[in-house]
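Chemist: Starting from the known structure of chain G, arrange chain Z on it as the hints suggest.
These are the residues of each chain, in order.
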Amino acid sequence: MSDVAELAELDAFYEAELRPWLMGFEKKRRLFLAIAVGGILLAALPVAGLIWLGWPEYVLFISFVTFVAAIAPLIFLGKKIEKELLARICEKLDFALDPKAGTMSIQPFSSLSLVPSYDTCSLDNAIQGKIDEVPFELCESHLQEQRRNSKGRTYYVTVFQGLVGSAQFPKRFHGTTIVRRDGGFLASFFSSGKGDRVKLEDPDFEKRFDVFSDDQVEARYLLTPGFMERVKRLDDLSDGAARLAFQGGKLLFAIGGGDRFTVSLFKNMGEIAHFRRMMADFALIFGIVRELNLAAKTRL
Amino acid sequence: MSDMGILLLVLLAGAGLAYLWYTKIIGRRNTALEALSSIDVQLRKRHDLIPNLVAMAKRFMTHERELLDRLTEQRAKAAEPYSKNDPRAIEQHLADERALQSSLVRVLAVAENYPDLKSDRTVMEVQEGLEEVEGHIAAARRFYNSAVTDLNNSVQIFPGNIIAGWAKVEPMPYFELEDSAMRAPVDVGALMDKP
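From first to last, the protein sequence lines stand for chains G and Z.
For what it's worth, numbering that gives the first Met the number 0 labels the leading residue of the first sequence as 0, then goes sequentially.
For what it's worth, numbering that gives the first Met the number 0 labels the leading residue of the second sequence as 0, then goes sequentially.
Here chain Z stands alone, though its shape is the one from the complex:
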């Protein structure tokens, strides 16, 4: 085989490998986007439950207006549309969700001081619904973070970083629980006292 033939073969092999890597990157990006969509589906369920909770809480928690209004504002902000192709927009969206979750936890914690509110049937149903939704959100978050790890590994490691640069695929942000309230130790004693 001539030198030209060998060079052509090497180039073809290189192009083939690059194409395989490219399909892997695109496949992983699509999986990460699918995971992001599944997070959004679950977050929408959370958003749908919040107005009911706020409406009921306003009847009992008359001194906590500010907290409830903030929760409503944060819900509206988190529900705003965003571009799924822009990692910074995704990061902002996830940060808004974290803030919303933090406020929600605070409202539920304060609600413990209002026995009438806690024992209200609608509130109990909303709380049960929220518990289930939070379980699904946690699961969706694990799926998303796993998909993002795969994607980021393939676009940040050579030669993936070059191919990702050509294909304009960027690393995506993780959905982490950064809020200090979310990381606070769980009061097991209080949980065990729950009926």
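In isolation and in its complexed conformation, chain G is listed as follows:
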């Protein structure tokens, strides 16, 4: 399956195949959820005892073990469902799925400043395929930065969580052009190393984005008035979390906004919301590739 229009047909696929399969996990989910809730309450007891009854401090260890033991089955179940649901959707869409994302690298995205600087990076669920004959690849990414608190202890903060990927761009080009959210004067000033600022004619586009390129003409060749409209549409679709760059014949994109392809175990497994949430991410990717394909067909 590769046609954008067919994405809508996936609801039928959900009803016929995914829903019965997901419902098979409902009993287990309820049980594990009850265990988790009970375990959390139980884990809270030693803490209360420590605070109000003066219990010894080692009860905190018991509290921690109880907490982990209580939520672990629910977490593992969630991961298992997410993994299998994604695999089934990818199979239906004729996409290749690599859960370990062995072929993907965050380097092109960080070198273009599409993602913030980080200390640790984990990539998973790499998906490769073609949509309307346009090849693409993407994966989930989680970037963390190491920080120190006032006592000198290190801790990690998430600086980016979302999808990173690339798609073949139908126009030939050689330079690098980066489209980022408008970060104001200071951001523009400090981004001067990423090429020169490109001033474009569309005031709304200029308000939303900063464009930098090492080739002023090529940047305008890629960002035609028509394509600028499409980038704005993508921006609306992704709630302003999308960043784009053109390099090496490809369009690279990073879409933040948190963990993707997730399943909430606090909802009944029969609810279509699990599937819809995952499909919303696919719809976004289909949207990006469809815009590229439109650019190829209309040359706008």
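Keep in mind the hints are simulated off the structure, nothing from the lab.
Among the hints, erroneous ones may be present.
Derived pair list, reagent style DMTMM-like, types lysine to aspartate or glutamate, alpha-carbon separation capped at 20 Å [unchecked claim]:
| # | chain 1 | residue 1 | chain 2 | residue 2 |
| --- | --- | --- | --- | --- |
| 1 | Z | 44 | G | 214 |
| 2 | G | 198 | Z | 33 |
| 3 | G | 249 | G | 214 |
Modeler: Coordinates of chain Z only, in the frame set by chain G:
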């Protein structure tokens, strides 16, 4: 501080501001000239494709000799060297290019009536090449017009006009699509019928 000192300070500040404005004007003129050069690079690509197109078209479009000869003449005229320091020469050069583009559009439109010509592989390749080049020309034109707007704003607004007068920097012409054929509404239906 004495009156003389204050006067000297004011003069120095004025001279500093004038110098900054001067560097801004020169920087913008250089950007506009760079943009003009990038237009010329793209226009040269267009010029290079036209002889192939004319040679192929002459084989099929036997009744359109006049049109093809005019295209060849206009190509030669547009390819003539010109002074980039003279706004009038630039304007003439851009006008020649507009005329060439207009003729090119006319030739391609007439070529639609010759199915053998349209389906010829070389012509199809030339047409694809032209489409790509036209995309680059449009991009270069946008860059040039943006640079010219910046330059013209800085040389036409006071005190830039005085400094530009001293520095002999003149406003530059825009590269506009003035030809009526270029502004004609696009036949979307015909475009959609294209394979």
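Chemist: Taking each numbered hint in turn, which are not upheld by the structure, reported in ascending numerical order?
Modeler: none
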